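Asker: Please build the complete structure, drawing on both the sequences and the hints.
These are the residues of each chain, in order.
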Amino acid sequence: MNQSNTHTKQNVQNDAELENQTAQLIIDTLNLDIEITDINPEDYLFGEGLALDSIDALELAMAITQQFGFQLRSDDSKNREIFRSLRALAQHIAENKTK
Amino acid sequence: MLTEPVFHPVYLPVFKNCSLSSPIVFFQGRAICLAELLQTVDFLADKIPKHQHLLNLYEERYYFLLGFLLGLKQQSISLFPSTVTPHVLTQLRKNYAELIVLSEFESEYESSLGSSQTVDLKELLDKRNLSSEKKLSDQYLWSIIPDIEAQRNTVIIFTSGSTGQPKPYIKQWHDLISAAEHLTQDLFSNSSSPIENSNNIIPALLATVPAQHMYGLEASIMVALQNGFLLHSHKPFFPQDITQCLEELTQHAHTQNKTIETSLITTPLHLKACIKTEVPLPGVKQFISATAPLQPELAQLCEQYYTARVMEIFGCTEVGSMAYRRTIETDQWAVLEDISLNAIDEHDIQINTTRSIQTFLFNDVINLLNEQHFILKGRKEDLINLAGKRTSLAYLNHHLQSYEELRDGCFYLSSFFNKPAIEDIDKNIVDIKEGQLVAFVVLTNPNNIAIIDKKQMTIKIRAWLKQSIDSIFLPKKIYFVDALPRNATGKLPQAELKKMQEQQLGQ
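Which chain is which? The protein sequence lines are G and X, in order.
Letter by letter, the first sequence follows residues 38 to 136 in my numbering.
Letter by letter, the second sequence follows residues 4 to 510 in my numbering.
Treat the hints with care, since some could be wrong.
What the hints assert, rightly or not - Facing chain G, a subset of chain X residues (Cβ under 8 Å, in silico):
#1 Ser236
#2 Phe240
#3 Phe241
#4 Pro242
#5 Gln243
#6 Asp244
#7 Leu272
#8 Lys279
#9 Val282
#10 Gln439
#11 Lys458
#12 Lys479
#13 Ala498
Bear in mind the hints are in silico, worked out from the structure with no lab data behind them.
Computed from a predicted model, the values in this text were never measured in an experiment.
No residue lacks a Cβ here, since even glycine has one placed at the ideal position from N, Cα and C.
Answerer: This is the structure we're talking about:
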């Protein structure tokens with residue numbers, strides 16, 4: 038069974054929902070003065086785009102652990118990818134969440 | 004007959020309390036002993052010609068340490084800028100002759116390095132053929148980094164500079180030694196453990212702060228070298244990373260049939276992150292926190308949850324570590340033995356020290372209790388301190404106001420606190436975010452405020468500021484207002500700005 042077959046309509050909906058949940062988490066955690074719809078899922082979260090900094094990353098990590106029940110680590114080389122965009126972060130949460 | 008006093012230079016050792024077989028740095032799963040470290044420095048010194056100045060950008064403390072020791076051996080001066088941007092590098096190259104950069108080739112700084120001569124220690128070491136090297140005698144190994152003259156300029160460390168121009172501070176060797184000695188005396192001496200047990204204990208250090216900042220340099224690098232503590236090479240970021248590093252140290256000690264006692268050199272932010280995510284921190288004997296005041300409630304939680312002491316260091320780039328306290332015991336800071344304080348007038352407290360800076364005026368508002376003790380009341384109004392970086396409102400405002408589409412504008416450090424989450428209420432934590440930087444702006448043409456796209460304008464203003472301001476100081480929110488509440492003298496009372504933000508939040 039390949040990846041595309043498992044990606045059913047239900048999954049797509051779940052992805053979108055988790056993306057929204059993640060966007061809301063970012064906004065709430067960092068007190069950003071924006072709406073969910075203002076975050077382009079493909080935009081950079083750090084540097085350009087939302088211009089978050091390392092303090093924000095740590096704040097986000099805490100919130101993610103509390104809401105989704107898993108710990109972020111930076112030892113795997115994927116780390117830069119995980120925080121690249123809202124979509125990448127939501128994807129990582131989908132793969133690791135325990136609650 | 005009177006004779007001129009003869010000046011006898013004093014020489015101070017780099018390594019104390021350790022033998023050639025002492026483990027010095029824990030890197031890639033193993034403890035590297037002093038003999039191996041020295042041999043590697045000797046190898047590098049053979050490959051890298053002496054330069055007058057050395058810019059050491061390594062985050063991994065093993066490579067940082069090799070670069071630092073190479074500088075000490077070759078009598079180069081290590082430069083530690085507070086941030087590395089293309090602009091900073093251009094300035095450094097202009098101002099410091101014979102500059103060599105030690106950095107990973109594929110680092111975040113890559114685009115900034117441009118044409119400067121860069122050496123990647125990792126690459127040099129990968130090519131090294133250890134089996135072809137002859138065994139060095141103990142006598143030779145000890146001679147690789149001879150004792151260093153106390154007055155020698157070893158490090159130039161830069162403050163971010165409230166005027167925007169990084170300000171260099173030269174550190175002589177005895178400055179670094181003195182801070183490390185007194186930190187050891189007050190924070191790292193193990194008077195509570197019986198001495199006969201000490202052979203079964205490996206004292207270790209793990210730091211979440213960069214080695215290039217004054218706090219990291221003194222509390223991790225210098226304290227490790229001067230005590231023979233085992234230094235973990237990593238700079239962990241997420242709480243889980245900290246756990247993993249600590250587990251590695253614990254396992255290492257286990258294979259030696261010993262116990263590890265690690266001091267975690269960190270910040271209030273990381274302590275909060277550990278407590279909030281409830282990660283295990285095996286082998287932590289004490290936490291050392293600096294860069295921002297630590298809430299007593301958070302210190303209390305850490306002490307209880309991890310059964311480890313929480314100590315705070317107070318210091319600044321200009322002087323180095325100055326004072327310490329155990330947060331749960333007292334709000335009073337006790338100065339290190341080479342520091343004393345005196346009030347020179349109503350507002351200003353002077354720091355006196357045997358370090359080469361000799362005197363320095365306090366940047367913070369303090370209550371002086373006596374020469375050795377003080378209570379911190381807050382920062383002087385204009386200064387902003389975020390994540391250990393300092394700037395002034397005047398500097399930030401200057402850049403904001405220079406944007407042509409704005410008629411007026413100012414930054415405001417709001418004391419807005421995050422609402423504690425439910426779990427936090429149980430644990431009695433209030434958020435320790437120091438505050439949030441916001442900006443108020445008045446557009447050049449105020450009639451436009453109804454029709455302009457505020458989001459687009461916010462992006463444009465941020466992009467403008469980013470050219471000259473560290474991203475930590477970018478405003479988290481930008482409020483568009485008709486006018487700033489300037490008083491008759493043109494000043495902006497903080498109370499008025501607070502009121503204005505409350506109004507904006509209420510809208």
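Asker: So, for every hint listed, does it hold in this structure?
Answerer: We went through each hint and held it up to the structure:
1. With 8 Å as the threshold, the beta carbon of Ser236 of chain X stays out of range of chain G, its nearest partner Cβ sitting at about 13 Å, so the hint is violated.
2. Interface hint status for Phe240 of chain X: upheld, as the beta-carbon distance to the closest one in chain G is roughly 5 Å, under 8 Å.
3. For Phe241 of chain X, the interface hint holds, the least distance from its beta-carbon to any beta-carbon of chain G being 5 Å, beneath 8 Å.
4. The interface hint given for Pro242 of chain X holds, since its Cβ lies 7 Å from the closest Cβ of chain G, which is under the 8 Å cut-off.
5. Because the beta carbon of Gln243 of chain X sits about 4 Å from the nearest beta carbon in chain G, less than 8 Å, this interface hint is met.
6. With a cut of 8 Å, the hint placing Asp244 of chain X at the interface with chain G holds, because the nearest CB-to-CB distance is about 5 Å.
7. This hint holds: Leu272 of chain X has a C-beta 6 Å from the nearest C-beta of chain G, less than the 8 Å allowed.
8. The beta carbon of Lys279 of chain X comes within 5 Å of a beta carbon in chain G, closer than 8 Å, and the hint placing it at the interface holds.
9. Below 8 Å, beta-carbon pairs count as interface contacts, and Val282 of chain X has one with chain G at about 7 Å; its hint therefore holds.
10. Evaluation of the Gln439 of chain X hint against chain G yields a held restraint, the C-beta minimum of about 6 Å falling below 8 Å.
11. With its C-beta approaching chain G no nearer than about 7 Å, Lys458 of chain X sits inside the 8 Å limit, and its interface hint holds.
12. Evaluation of the Lys479 of chain X hint against chain G yields a held restraint, the C-beta minimum of about 6 Å falling below 8 Å.
13. A least Cβ separation of about 22 Å between Ala498 of chain X and chain G goes past the 8 Å threshold, and the interface hint is therefore violated.
Hint compliance for this structure: hints 1 and 13 are not met, and every other hint is.
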